[in-house]
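Participant: Listed below, chain by chain, are the residues.
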Amino acid sequence: MKKPLSSVRKFYFLDYFYVLLKSIEKFSEQDQIFELFKSLKQEHRLGESKYKKLTADAQNLSRVQLVKYQYTFEKVIAESLEYDLIIQESGKFQLTEIGKKLIEQYNDGFESFAISLFKLMESKYEAFRYIIDLLYKSGKAKSGLFILPVYSPLQLGFDRSEIKTTKDIWRYSEALGKKLEQDISKYLGEQRNLSTGSKTLMEILIKDELISSEYLTEFSPIKYNAIISRFRDYWVKYFLQEIYHYEYYLTSFEIWTYRAKQIGIIHATEFYPYFNGKIVYPTAVVVKTTESKDFQKIYTYSDGYSLFLHKPDIETSQNQFVDFLVSAYYDLRRTNRSYFISLAALKEMVCYNMKISEYVFQELLDAVYRANLSGNLKIKISLEVDRLPEETKAMYLKQEPVMVDGRFRNIIAIDVARGDR
Amino acid sequence: MSNLLKKPTQLQNYESIGTYERFNLSENPFPSEPTVNKESTDKRINGNIYEMQIREHEYEQILTNFIKQPQNNPNHIRLGYIIDSSYIGRGNGKSAFLLNLLHTINREYSLDLSDEQNKCFAIYVSPEPGGRTKTFIGFIDAIFDSILKSQIISVCLATLRLEAINKLHPELNFGHFSESELVQHLNDPAWFENNSISSSSVQSEILNDVHLQDLPSDFPIFSGRNTFYPTFMTQKDFENYFRELKKPKEKIDFIFTHLVKFFLAANFNGAYVLVDDFERIPDFQSSRQKKDFALELRSCLFDGYYTNAKLGFYNLILVLHAGVPRLISDAWASSGMENRAPINQLNYKHIISFEKLTKEHVALLLKKYLTEYRIDPNKSDGLSPFTEGAVHQIGELSEFNAAKILRMAYELLEKAAGIPTQKLIDENFILDNRGLWETGDEPEHNIDIAKTTDLLSKAMGQEKE
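So the protein sequences, as listed, match chains A and B. According to our numbering, the first sequence is numbered sequentially starting from 1. According to our numbering, the second sequence is numbered sequentially starting from 422.
Bear in mind the hints are in silico, worked out from the structure with no lab data behind them. Take these hints with a grain of salt, some might be off.
[Unchecked claim] Below, in silico cross-link-like pairs of lysine-lysine (DSS-like), each with a Cα-Cα straight-line distance of 27 Å or less: (1) A/K140 <-> B/K872; (2) A/K119 <-> A/K261; (3) A/K137 <-> B/K872; (4) B/K872 <-> A/K380; (5) B/K712 <-> B/K670; (6) B/K588 <-> B/K459; (7) A/K207 <-> A/K178; (8) B/K872 <-> A/K378; (9) B/K836 <-> A/K167; (10) A/K293 <-> B/K872; (11) A/K207 <-> A/K186.
[Claimed, not checked] Part of the chain A face toward chain B, derived, beta carbon under 10 Å: (12) D31; (13) A78; (14) K119; (15) K167; (16) P273; (17) Y274; (18) Y281; (19) T289; (20) H310; (21) I314; (22) Y330; (23) R334.
Think of the CB as a built atom: it goes at the ideal place given N, C-alpha and C, for glycine as much as any other residue.
Please take these sequences and the hints and turn them into a complete structure.
Facilitator: See the structure below:
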């Protein structure tokens, strides 16, 4: 009997396992392990943006932070015990052979480490298969695409200064419901009336005393963010449960898809250009067998089905990749006045078009970029570390840069001058 | 009792009033998706509802500088630009303007507009959004497709045949046919048979025309000339002939020399080629391709060895979004095009600046749509149910962008129709319903239409994209 998806601990980064294993490699007492765990966590920038340091150093943690860290620590230990990465005897911790091997794999490269962890997790939960199957089943028309739209009042044309009373919230709610109905009809080809849902949500907001039941009463401005985030959660949950029929909690979906993204079998992003909200789609298939060389088998289930990662061969896919790259580049250039565009946005479009993971994108771009440097490519690519002027600091902090040719890059320009594409 | 005679217990209520009836409207006159689609039958979006007054200034310029100028003057403007002066971009009404211009010119082939000096037809060309029209040959293909769509070749064949019949059978009179009937009959071999007119003698008579003398012998109009049973020529034969042409040079010769002579034979002395969304071409070109394109265009329009370059038969009008001149100005300069038809000299006659709408225009635009759908057209309802203040506000809120204005008007009227007590759409009503029209303003690209790999099919070996 497999364990339910919802029983998993609340942490997303697979690196946590490595951080714990590294700590146990050195110490066996829980207190000592925790001290090292804390500073390694900081070193690897886990829990915040992985690429930029946001929080204070490990020495000066606030009380709340410390409690959070302790919680994560305990969860990582529990899950590591479950997968036999470590053992605990009379209060002391020790690495097992599996744990030792994982450390080695991590040092060799994140990808094989992630796949090993994936195998361990899948043998206990089969959560990834459940989600991949669900994606293909419910997102049939768009080969597994889930959309989870989110529209803030600003995106629907409401200025924050105009939202003060219950009536204003109603207007936002109405516009949002209408927009979501449009999205459902457009992306999923279904007609749905969301007015009952909107009404239920308003009742909840009133019951929780976030807004008044009186139409013209103003609510406290402090509650604004809480109210808006209620809208987001409510509708994302609605999409997952009512439309896609996901059977568990929203958080479990988020944890498993984020883990799957790190492994490279599902892609999830909030940064797809021209779309408000999050999209999720598989970059792997669960089938009995495939003839195509572009798939790599990484796991076989007891019923004979296997999970294959989509990993197009660099040699044969290079031209297709360049085509997608160029057409996505022009697509984005259209709305942009400079030759340089955001590489992260380009990545999202190409990943979606080709249904590949970020790793595969990085590998393909790397190969193409090297060919470009050596003059063996029909187009010219230039990659820079700079940011675009219109990118806000917050966007930069949240969106991960792309590693190409050993350096993080943020913007890209493509010149097709060398010939006909 | 037979079911035939049974009646429903519920009675229909004749008294109930149509949703838009209380506004004296048969339905919502505004388009919910205000993008121009020339092929649609809905007049709300096919460009047929058009208030020329809004673009009076631009129209006057085209009339004076292009249409009223004698075509036989070699210095007449052969290449003009309509340049959007606002950066708001799409939905400023350029396509609708162009389609209307097209209809206006073709109504009497500009004879009426030019005081019978010129007889010109117009065609509407819209390059592929995906970049397939980026080469000059791609552009030529697009022009020929538009020529076919306009049915002008059928019109020319009918003209030539009519002239020949008038010569051979001066006793026959076709005055009772409408022009479209004539075109239809004269392109139908059965009609010739029914009226005992020999199509082959008509055909031989046509071939005496002076303009047709030095055309190549495989030009469609000659096919079957030396055979026992000459074939009856239709537009379809021109189409097939063009599709058979493989070399770019042959296609260019066909369009810019042979077809020009054919049109001249059919009494036309010019044509207007209206190119919408021109930036779809340079957008996809490298700088070398831009230059090549400009060179070819220059040679075909101004100084190549083509009949068109000698006469200036085709008058090209390129429609550009703001910012596009900058995109092509280098290519224009290095190809010499800038000397022929400068793109950066805004005070020249061949440049028509497409201005932003004003407050007065908004009222005109809305009124035009409302009038089209009034149930009782004699009742002067003006802008009702919109108040004047509301109209101003709509203009401002939509940054005077025509598409946004129409969408907003659609949403507001839709909302008002749903509230039985709502009689007017005033400023307060707009304020109460802000946010309604903000939705649905989608960019051209969308995840929904993105080309994407279907992994499951790929794994199963049935790859499709």
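Participant: Take the hints in turn and mark each one as holding or not.
Facilitator: For each hint, the structure was consulted:
For the proposed pair A/K140 and B/K872, the alpha carbon gap of about 15 Å is at most 27 Å, so the pair holds. About 15 Å separates the Cα atoms of A/K119 and A/K261, which keeps this hinted pair within 27 Å; it holds. About 20 Å separates the Cα atoms of A/K137 and B/K872, which keeps this hinted pair within 27 Å; it holds. At roughly 24 Å between alpha-carbon atoms, B/K872 and A/K380 fall within 27 Å of each other, so this suggested pair holds.
About 18 Å separates the Cα atoms of B/K712 and B/K670, which keeps this hinted pair within 27 Å; it holds. With a C-alpha separation of about 39 Å, the suggested pairing of B/K588 with B/K459 is violated against the 27 Å cut-off. Of the supplied pair hints, the one linking A/K207 and A/K178 holds, its CA atoms being roughly 24 Å apart against a limit of 27 Å. Restraint check for B/K872 and A/K378: the C-alpha separation of about 23 Å stays at or below 27 Å, so the hint holds.
Note on B/K836 and A/K167: the hinted pairing holds, with a Cα-Cα distance of about 17 Å set against a maximum of 27 Å. With a C-alpha separation of about 22 Å, the suggested pairing of A/K293 with B/K872 holds against the 27 Å cut-off. Between the alpha carbons of A/K207 and A/K186 the distance comes to roughly 33 Å, so the proposed pair goes past 27 Å and is violated. At its closest, the beta carbon of A/D31 sits 48 Å from a beta carbon of chain B; the interface hint therefore is violated under the 10 Å criterion.
For A/A78, the suggested interface contact is broken, since its CB lies about 34 Å from the closest CB of chain B, more than 10 Å. Hint status for A/K119 relative to chain B: violated, with the closest Cβ pair at about 20 Å, above 10 Å. Annotation: interface hint on A/K167 holds; nearest CB of chain B at approximately 9 Å, less than 10 Å. Interface restraint check: A/P273 against chain B, minimum CB-CB distance 8 Å, threshold 10 Å, status holds.
A hinted interface residue such as A/Y274 counts as satisfied when its beta carbon comes closer than 10 Å to some beta carbon of chain B; here the least separation is about 5 Å, so the hint holds. For A/Y281, the interface hint holds, since its Cβ comes within 10 Å of a Cβ in chain B; the closest pair sits about 9 Å apart. Evaluation of the A/T289 hint against chain B yields a held restraint, the C-beta minimum of about 9 Å falling below 10 Å. Interface restraint check for A/H310: the shortest CB-CB distance to chain B comes to about 6 Å, inside 10 Å, so the restraint holds.
A hinted interface residue such as A/I314 counts as satisfied when its beta carbon comes closer than 10 Å to some beta carbon of chain B; here the least separation is about 16 Å, so the hint is violated. A distance limit of 10 Å between C-beta atoms decides the matter here; for A/Y330 the minimum to chain B is near 6 Å, and the interface restraint holds. Against a cut-off of 10 Å between C-beta atoms, the interface hint on A/R334 holds, since the closest Cβ of chain B lies about 7 Å away.
Checked against the numbered hints given earlier, the structure breaks hints 6, 11, 12, 13, 14 and 21 and satisfies all the rest.
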